[in-house]
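Note that full-length UniProt numbering has the sequence shown beginning at 1, numbered continuously upward.
Hint data in this document are derived by calculation from the structure and do not stem from the laboratory. From the three backbone atoms N, C-alpha and C, an ideal C-beta is built for every residue, glycine too. Heads up, a few of these hints could be off.
For each label pair, taking beta carbons as the anchor points, the in silico distance ranges come out as [claimed, not checked]:
(1) Gly87 - Gly38: 17 to 27 Å
(2) Lys149 - Asp84: 31 to 41 Å
(3) Gln108 - Lys149: 19 to 29 Å
(4) Gly152 - Lys72: 14 to 24 Å
(5) Lys181 - Lys85: 39 to 49 Å
(6) Arg125 - Glu34: 25 to 35 Å
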Amino acid sequence: MRKRITKVLAVVSAVPVMFGLYFAALQISGNFHEVIPGQLYRSNQPTGDELTRYVMAHGIKTVINLRGENDKSSWYTNEMAAVDKLGVKHIDFGMSARRTLKLERVAQLIQIMRDAPKPILIHCRSGADRTGLASAIYVNRVAGMDEEKAEGQLSFRFGHVAIPYLSSAYAMDETWENIEKDPFIGEPHNDEMAATEASSSSL
1 MRKRITKVLA
11 VVSAVPVMFG
21 LYFAALQISG
31 NFHEVIPGQL
41 YRSNQPTGDE
51 LTRYVMAHGI
61 KTVINLRGEN
71 DKSSWYTNEM
81 AAVDKLGVKH
91 IDFGMSARRT
101 LKLERVAQLI
111 QIMRDAPKPI
121 LIHCRSGADR
131 TGLASAIYVN
141 RVAGMDEEKA
151 EGQLSFRFGH
161 VAIPYLSSAY
171 AMDETWENIE
181 KDPFIGEPHN
191 DEMAATEASS
201 SSL
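All chains should be built: construct the whole structure from the sequences, respecting the hints.
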């Protein structure tokens, strides 16, 4: 019995170590993944050399930075220097992984991703949470793929941990749930539909 308990404890204690090693490997690799070939790619905070490699290998034309503008940080100035040198469009769209994204901001992000020259590289700090949400939004609301396919972007595979009330980034999952409830968010003709409905109700 004692040996069995020891084995169980060994397995249980090994799990967080394995998770930690997996997360570390993701970050070392840049957490770079192809979402939709020729359209969308995702990563953690890229170095200048990594950006150059991604652009050369995949023809990236737009970089969307979800960490927001930060002229006083070296990661930001290095990123700007790299995109300027490469001639790539750069867009800052600051958001927090710890707070839900309002639907108005979601609509803005959809429009940005819809209009941006493709292929797009989306990144945040770790490439897991904010990047996962933005990728899910793109897959479903820009590329028109089903919600199940989109939800896969918010997964442990990319380092995202979704545990209600425990995970600091669960706000990204809550935001996605809010988006699922609004089938018209980000639709190009949404405003026209609303105007038509208002006109009809006044007759």
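Each hint tested on the structure:
1. Gly87 - Gly38: 17 to 27 Å: About 19 Å separates the Cβ atoms of Gly87 and Gly38, which means 17 to 27 Å holds.
2. Lys149 - Asp84: 31 to 41 Å: Holds: the Cβ-Cβ distance is about 35 Å, inside 31 to 41 Å.
3. Gln108 - Lys149: 19 to 29 Å: Given a distance of about 23 Å, which is inside 19 to 29 Å, the answer is holds.
4. Gly152 - Lys72: 14 to 24 Å: violated (36 Å)
5. Lys181 - Lys85: 39 to 49 Å: holds (43 Å)
6. Arg125 - Glu34: 25 to 35 Å: violated (20 Å)
Violation of the numbered hints given earlier is confined to hints 4 and 6; the remaining hints are satisfied by the structure.
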